[in-house]
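Enquirer: This is what each chain is made of:
Number of protein chains: 4
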Amino acid sequence: MIKARVIGAFGYGGIGIIELLSMHKEVKIVSLCDVEFIGKRVSDVYPHLRGYCDIVVCEFKNEIKKEADITFCATPDKVGMGYAEDIIASGSKLIDYSGDFRFDDLETYKEYATRLGLSTEHKASELLDKSVYGLTELNREKIKKALIVGNPGCFAVSCILGLYPLFKNDFIDKSKTICDCKTGVSGAGKKPSPQFHFPNRYENMNSYRLTGHQHVMEIEKTLSDVASKDVKVVFTPQVVPVCRGIMSTLYVNLLKEIEEKELIELYKETYKDSKFVKIAEDFIPDNNLTRQTNDCYIKPTLDKRAGIVRIISHIDNLMKGQSGSALQNMNVMFGIDESLGLNIVNKQP
Amino acid sequence: MIKARVIGAFGYGGIGIIELLSMHKEVKIVSLCDVEFIGKRVSDVYPHLRGYCDIVVCEFKNEIKKEADITFCATPDKVGMGYAEDIIASGSKLIDYSGDFRFDDLETYKEYATRLGLSTEHKASELLDKSVYGLTELNREKIKKALIVGNPGCFAVSCILGLYPLFKNDFIDKSKTICDCKTGVSGAGKKPSPQFHFPNRYENMNSYRLTGHQHVMEIEKTLSDVASKDVKVVFTPQVVPVCRGIMSTLYVNLLKEIEEKELIELYKETYKDSKFVKIAEDFIPDNNLTRQTNDCYIKPTLDKRAGIVRIISHIDNLMKGQSGSALQNMNVMFGIDESLGLNIVNKQP
Amino acid sequence: MIKARVIGAFGYGGIGIIELLSMHKEVKIVSLCDVEFIGKRVSDVYPHLRGYCDIVVCEFKNEIKKEADITFCATPDKVGMGYAEDIIASGSKLIDYSGDFRFDDLETYKEYATRLGLSTEHKASELLDKSVYGLTELNREKIKKALIVGNPGCFAVSCILGLYPLFKNDFIDKSKTICDCKTGVSGAGKKPSPQFHFPNRYENMNSYRLTGHQHVMEIEKTLSDVASKDVKVVFTPQVVPVCRGIMSTLYVNLLKEIEEKELIELYKETYKDSKFVKIAEDFIPDNNLTRQTNDCYIKPTLDKRAGIVRIISHIDNLMKGQSGSALQNMNVMFGIDESLGLNIVNKQP
Amino acid sequence: MIKARVIGAFGYGGIGIIELLSMHKEVKIVSLCDVEFIGKRVSDVYPHLRGYCDIVVCEFKNEIKKEADITFCATPDKVGMGYAEDIIASGSKLIDYSGDFRFDDLETYKEYATRLGLSTEHKASELLDKSVYGLTELNREKIKKALIVGNPGCFAVSCILGLYPLFKNDFIDKSKTICDCKTGVSGAGKKPSPQFHFPNRYENMNSYRLTGHQHVMEIEKTLSDVASKDVKVVFTPQVVPVCRGIMSTLYVNLLKEIEEKELIELYKETYKDSKFVKIAEDFIPDNNLTRQTNDCYIKPTLDKRAGIVRIISHIDNLMKGQSGSALQNMNVMFGIDESLGLNIVNKQP
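Protein chains in written order, with this note's numbering: chain A, 1 to 349; chain B, 350 to 698; chain C, 699 to 1047; chain D, 1048 to 1396.
Source of the hints: derived by calculation from the structure; they are not laboratory data.
Note that CB positions come from ideal geometry on N, CA and C, so glycine has one too.
Careful: at least some of the hints might be erroneous.
Stated by the list, open to error - In silico contact screen, one side only, chain D against chain A (beta carbon under 8 Å); selected entries:
(1) Gly-1164
(2) Ser-1166
(3) Thr-1283
(4) Val-1287
(5) Met-1294
(6) Pro-1332
Please construct the entire structure, taking both the sequences and the accompanying hints into account.
Expert: Below you can see the structure in the form of structure tokens.
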């Protein structure tokens, strides 16, 4: 059994991985940490866990002494880096949910931090070269051997999976890509705020952070690496009144004509060994399909009149966009079936 | 023109009355007070008011100097009573949204405060006998002459209007009445909280305050007065994922048989001069009908097998349950058509 | 492996049981029947099943030839009775979702059919005495040996589980019980209709069928049997804008005083061997807890002032109210762990 | 008083204009036609209209005899053209909601019909040159004198208002424009369908008609006329679980650098005489702002890194996108204040 520790147990990311780990045959949760509700059972705060996970929540400094094989830091930027050294020293691998370990060199991290208005100091900079960007479908081999995985941002997952097959090729203009992204409200986390107060949100939709979202950089970095050239992304985050889900509509200019059939083949070929990426050939996917699953549904289309490739990419932001990817990465890191604990038939409606 | 002042401009109750007053032909808003956003235009905080109400928000102590004919205290318990003396002294009438002026004697107020766990002290107790309980349909004549109106609670409006015709009569058992009430989320106000955070609420419903809601007392007091005997109400507040609306299902035991036809006649007769109370004779009302209007739709039914009268009563909690009633009361207090500014064809869907 | 057949594959009840069976370790789905989409894979109509259940849908007359151990008739009233004889003759047990087999004698069935305005003829009346009412918690021993199970109605599950402990006792007045029930929209099935069209429903709530719902009779019948006297229920079905979930608020008059503590003990004792019934002692349950699970959360409360027991009972209408109960019954019928395939940690939010 | 007739009274477009006309001081509704509910009062089908509009619905052939000054054909493609001749002959002006009169020459209509798979025959082709495209802000002067107005499509309103100021200028690349549009469900009309059944929609979002939406053509035609060159639009319609509202995110390539300040000035200047178009300079608009109003909120932004102008345009699809525009056009056609009956302070939340 893999012994697992979760830090940041009470955010959506923490609860999400606890839910998945509780049902996973090869895992035993050994410790939960948070800064609130210390001394309480997690199942007293979240009664749906009663009988499935009744661990008492502790502070990190006490929990780090317990032996664990894997630690999930379901924490915001700048938190996981503070724990990383102790975690690695304790013999545990680490999957961090924030931007702390998404970039494997300090320079890129500094640029990321600068764009976000965060301090550019990285408290565990010496560990950066042991980290891998955790988009499993792109980095599976590296993740197998990784000590630290920087779990990807939810928008980034949907955009990169949607664009990656194109950026490996030469028939598109890589200089200018439009990512028009719509997210459910859970993407903003569990902290109540006026704009996500039910009366203000149930019939609302809007764009936000129009001058730059934290996920842009990992999209540009990943695609630039794939394309071996500098990629710029126009990114529009928008929030609509669903709880879970991201629908990203991606627009790329064509440099030469191709047929829709070729386009679809390219996607199917690219992801033929990636169980969770499903190419919607003969239907238009929707959010109901991905809800509560680790799937990414991609619909590639061509607008020949305008010479544009339009890709529509759907994920559940809390699953493939967060805890699902984290579990998938854990499976890969421990050499077990990538889909264990993630073969989920979701419920309709 | 009636000059109006609103205190507590930024809560749902404040914005609600500002919206209505802005469209009212006989009213001019002269001042807005709150404890936050002082110095800002109300329309900078609520852009939908731009061009309709652009008044700068001030503290009460400055605003009280401006001449006003009517003051709306859209404030929580214990606030309006602190302002009341100054307001009355300044020559303005007062409509208070809280429990501060819903009871015209100190003893009843003390009981109310005790039930709520509030201090029993009333800072304007000498004004209590100048106040009238503001359920227009029951107290129209008193409200005409009132200096102060205690605007009713939203649940209370739906329950009392639904039960009043029965309690004037002798064919029911008045000792034990069940009020099973479902409210939309706006009833909890605009302050964000975990349980009304969109992800936690969009597919949720639950009961709350099972040991006593603040509106029970005004229901029992009013019905006891009507019935001239001590009335006890079992009250179950429940919240469902709508924004606006209350559906109260009310159950009363029959003492003798009556026909549904008689029952309906009783309701129609009782409310024949009350434009906003509509008896649903040949259809079942729903929340869409009352949304954004000042209407109360009542459906009286009999369950003869069990010997029970069941009344279903619908209102919009922010309109007939709050600002709509407040405006209706203002109209009555100033001798103008009760429905002015409230003849609203709401939009479907 | 238990070989399972589903008739009525495309309704919510059919898809629900297919989803559960696909994840059940001891079951293999061998055939699916419906009257529409014949010749198509179920997963072409419901793409979320791709890779989990890709069976081609056939007509009953062809499918009955395939060997099955259990047949689920996820069909409306009057359909399952037409198939029952062939199903039983083929060597399969039967779980029927409708009222066809909820009553084990013809007289009661006739009364039921009359109340619903259906023909009183029962096409498989000779099988009625081999059927058991499938509320597992009450009839576990009989279900073990049953050939046919009449799966209970969703409202009935929530009301009977909420009331059963009281009706075994003498401290309540059994003559007059109020069931004020709120259901999500999925309770009305998958057929589109004007009142459940999204624009008409998203902010709506209303009561319906005020003169009698089909589930009343099984509540009255079951409670009358438990109490050994004639029980009358006042039943108010109401629909609120959630997808899944029932919240039933149940009111019963007390004949003698008891303490809330005793009341809670009674419930805990009654359901101590029923894993899916959870008594909410120290918190108020909500719909999020039961969503997509087979749990029933019950909150027993007392209103001593009025002398009333008030029970709040929550289920997911498509799980414990339908497919979950069906699977639970199947497990019992085949002597395997009652909770197999139903140990579900649902996802929050 | 302007005497108004509405054909297609029971669709969202018909009810929408009836609601607005009922509150309009200068209008009297004289007749309502539809193909269903003939002989019933409109207010028996839509009880919210009781007391405001209680007209009995008739067939067109009877109603055309009543004198009317303006006729609203709130009907689908191909219907209004069949009535147009009689309407004009009767002395009434005509506002048609469909594509029938959005193009003033037969050739363009034929192209439109061909794209939609409709017959290219136009039953009132001789009236086409008397028709004006009814986007008031662009065609105000022509509408003043028009006999027939082709009311614009909802998506088209949001896109054209958002793009028009750019297409009058030379700093953008007009060859390739991306319109990523999200609509509420009411845009699909009142007819129930599986995909807009509440359980299937409440947590869903998806794209649709990826190979061409009927509103593309009027966007391309209008912008081509403005730009005097052939404009191609990539149009992605998407539906999210709100009832009312469109959020269109529009992307245009820059040909030369400009400053955001200039961009905003351009928009403010362009719409300085258009009361309903509001430029969001210092805040990000949302759907709550436009809900139930005739306003269009536009947020112009620059992405200098990528050299792209991004415009976000919000309307209520049933108001500025349909009935609101229709009433605005009527006001212009009759020489009265454009905003009469449309000065609406909507309600928050």
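Enquirer: For every hint, state whether the structure bears it out.
Expert: How the hints compare with the structure:
About 17 Å separates the beta-carbon of Gly-1164 of chain D from the nearest beta-carbon of chain A, more than 8 Å, and the hint is not met. A distance limit of 8 Å between C-beta atoms decides the matter here; for Ser-1166 of chain D the minimum to chain A is near 23 Å, and the interface restraint is violated. With a least beta-carbon distance of about 6 Å to chain A, the hint placing Thr-1283 of chain D at the interface is held under the 8 Å criterion. Interface restraint check: Val-1287 of chain D against chain A, minimum CB-CB distance 4 Å, threshold 8 Å, status holds.
For the restraint placing Met-1294 of chain D at the interface with chain A, the shortest Cβ-Cβ distance is roughly 5 Å, inside the 8 Å limit, so the hint holds. Because the beta carbon of Pro-1332 of chain D sits about 7 Å from the nearest beta carbon in chain A, less than 8 Å, this interface hint is met.
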